[in-house]
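Asks: First residue of the sequence shown? That's 1 in this note's numbering, and the numbers climb one at a time after it.
Watch out, some of these pointers could steer you wrong.
To be verified - Computed list of lysine to any residue pairs in SDA-like fashion (alpha-carbon distance at most 20 Å, straight line): (1) Lys59 / Pro119; (2) Lys88 / Met111; (3) Lys59 / Gly49; (4) Lys62 / Ala23; (5) Lys112 / Met80; (6) Lys30 / Asn81; (7) Lys100 / Gly49; (8) Lys62 / Ile26; (9) Lys88 / Lys62; (10) Lys100 / Glu86; (11) Lys88 / Ile26; (12) Lys88 / Lys100; (13) Lys112 / Gln29; (14) Lys62 / Met80; (15) Lys30 / Ser64; (16) Lys30 / Ser52; (17) Lys112 / Asn75; (18) Lys88 / Tyr47; (19) Lys59 / Ser70; (20) Lys90 / Lys100.
Note that these hints are calculated values from the structure, not bench results. None of the values given here were measured: they were computed from a predicted structure.
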Amino acid sequence: MNPFIEQDDERDGPLRTIEVNQAEIIAFQKAMLYLKFACEETDSLLYAGSDSLNSLLYKIMKASDMAESSASFYNQSSLMNETFVEEKLKRLEQEQPYVKSSTHEQTQQWMKSYMYPFPYSGEK
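Given these sequences and hints, build the entire structure.
Replies: And the structure:
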């Protein structure tokens, strides 16, 4: 199954309903993708890996007029984005040495969250 389409919508409590138009959907997607894959600030990692923001991004993308074509695109690894995120994480660890993952598994989980909606190809 496609992890982009499949997700537990009620994992964090009851759902709320909002109405958004396609322009708002696109604007939110662009803002999140900038935050994740273009913003140089290491502090952006706090938000780039947020489970709540990733969940909202998933829901917004699912509601988009382009959900099916987006799913195909986001199911492919993006080595360019992966390299960008890995380098930003390294810079964060240099700037703030107390922010280090304690295990390889923890680093893998962080990268998976940072890379969403793309798969993390470094998962082993």
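Asks: Run through the hints listed earlier and report the numbers of any the structure violates, in increasing order.
Replies: 9, 11, 14
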